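Grab the two chains, each in its own frame, and use the hints to assemble them into the complex.
Listed below are the residues making up each chain.
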Amino acid sequence: MASPAPALRVRAVRPLGGDFERWSWYFFRISGLLLVFLALGHVWIMHLINSVDVIDYAFVAERWRSVGWRFYDWLLLSLALSHGMNGLRVIVDDYVHSRAWRVVCLSTTGLLFGALLLIGTVTIVTFPRTGP
Amino acid sequence: MVSYRGREGYWAWVLHRLSGLGVLLFLALHILDTMLVGFGPEIYNHTIETLYRNPVARLGEVVLIAALVYHTANGLRLIAIDFWEGAVFRQRQLWYAAWAVFLVLFLPAAFVMLRPLFVRA
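Line by line, the protein sequences give chains A and B.
If you count by my numbering, then the first sequence holds residues 1 to 132, one letter each, in order.
If you count by my numbering, then the second sequence holds residues 1 to 121, one letter each, in order.
Hints are not guaranteed to be accurate.
Partial chain A-side listing against chain B, Cβ under 7 Å, derived [said to hold, decoys possible]:
hint, residue
1, 84
2, 115
3, 120
FRET-style restraints, in silico, Cβ to Cβ [as the list claims (entries may be wrong)]:
hint, chain 1, residue 1, chain 2, residue 2, range
4, B, 14, A, 100, 23 to 29 Å
5, B, 43, A, 104, 31 to 37 Å
6, B, 118, A, 104, 42 to 48 Å
Residues of chain B placed beyond 12 Å of chain A at every Cβ, according to the derived structure [as the list claims (entries may be wrong)]:
hint, residue
7, 6
8, 10
9, 39
10, 52
11, 97
12, 100
Read the hints as simulated data drawn from the structure, not as lab findings.
It should be emphasised that the depicted structure is a prediction, and the values quoted were computed from it without experimental measurement.
A virtual CB, placed ideally from N, CA and C, is assigned to each residue, including glycine.
Chain B extracted, bound-state conformation (with noise of 0.2 Å):
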């Protein structure tokens, strides 16, 4: 089998198309947890509850969280090396810049939604 062994150019995208995927299907998922909201309190209100305040659904909060920062921040890269002449050439340090970007945003958010899991009420 003829394997394309890429360099940072091809991850970016394999990472952008998986991230936007697990971003895309979150949204059905909540689109439809939210319509629940017209049927009244207690049915929404359970639903949030068994849903999403347990530990596993927090850690897929997370995770869900790395897969939109990271698009987003590839997404702009993407859109510096569309619109700025020359980029092209720096692609690499814009990956590197991506990536500085997704730490900033990422790592604070991250601290903040794990922390519920480790220090009791």
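For reference, chain A alone in the conformation it holds in the complex (with noise of 0.2 Å):
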């Protein structure tokens, strides 16, 4: 086991991310906590408890007369997204350091977590319920 490292005295400084980049480390560590049970329970309906052999639109269709499970699965997209997304932009901020490229890298990174969540949140919510 490791030695305790010497206390340090460190003088309180404000770190450049600010109040966005503490958010951001909350974010990652809250959603991951709910995406444990979102994403393995997701997993092990869809490919355990059944497989890609039976999920077809019938599948889907039964799944989501549900709103219970539509909400459910807008949860999965929506935590799995910013939080895929969001480690996406740590990413962008270690390796890109020219701030033209960053522009770039940035923006298309916010524009595809929009695309995506529109699209998603879309067809969750606009596919009709097949039953009473």
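Here is the structure:
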């Protein structure tokens, strides 16, 4: 076991990221914890209890008769996409330093996030209910 | 070229980043294929049949689940280190624990998902 680190005297300095980065730090962990259940649950239902062999239009229609499942799927969509795109933003911050390329990469990330979230939300919300 | 020869902490980070990117890439594809559900059964069923019901895709499915389960297990390790006083001094034990979690979750899942490749229906 490593010996404890020596006590450091550090002057308190406001981090450059400011409040957004602090929020982002908490968001990764909170969304991550929720995703443990949402994502692994999704894998359990889709790949283990069922499989790609039985999942088809009828399966989706049956599942989305329930508003509860639609909400589950939308929560999974929005949390996974935010968690992942925020991660992509961090990766861009780590490797892209030129001002111009940062604008390109970060706006692409943001646009992809918005577009995919919109597409997924519209898909879940507008799919017709097939039953009472 | 200066090379950082890290130990488990470094590899944990590299794999966390790679697995996250992998899952994100799949997610983008998955949102687009699920979108087809809005266009009716013929298009959607045909897409699922072509895209996912073949041996290469089944292997890809297993790789995806491996990435997801690793990212989850290491993510939980990170949360433990961030919020549990003293965990950072046990980070290597937590690394082994994360791999134990990974194996317990992944191996049965991989078995179930790969079985169709070996069993004739």
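Handout entry: Violations among the numbered hints
Key = Those not satisfied are hints 2, 9 and 10.
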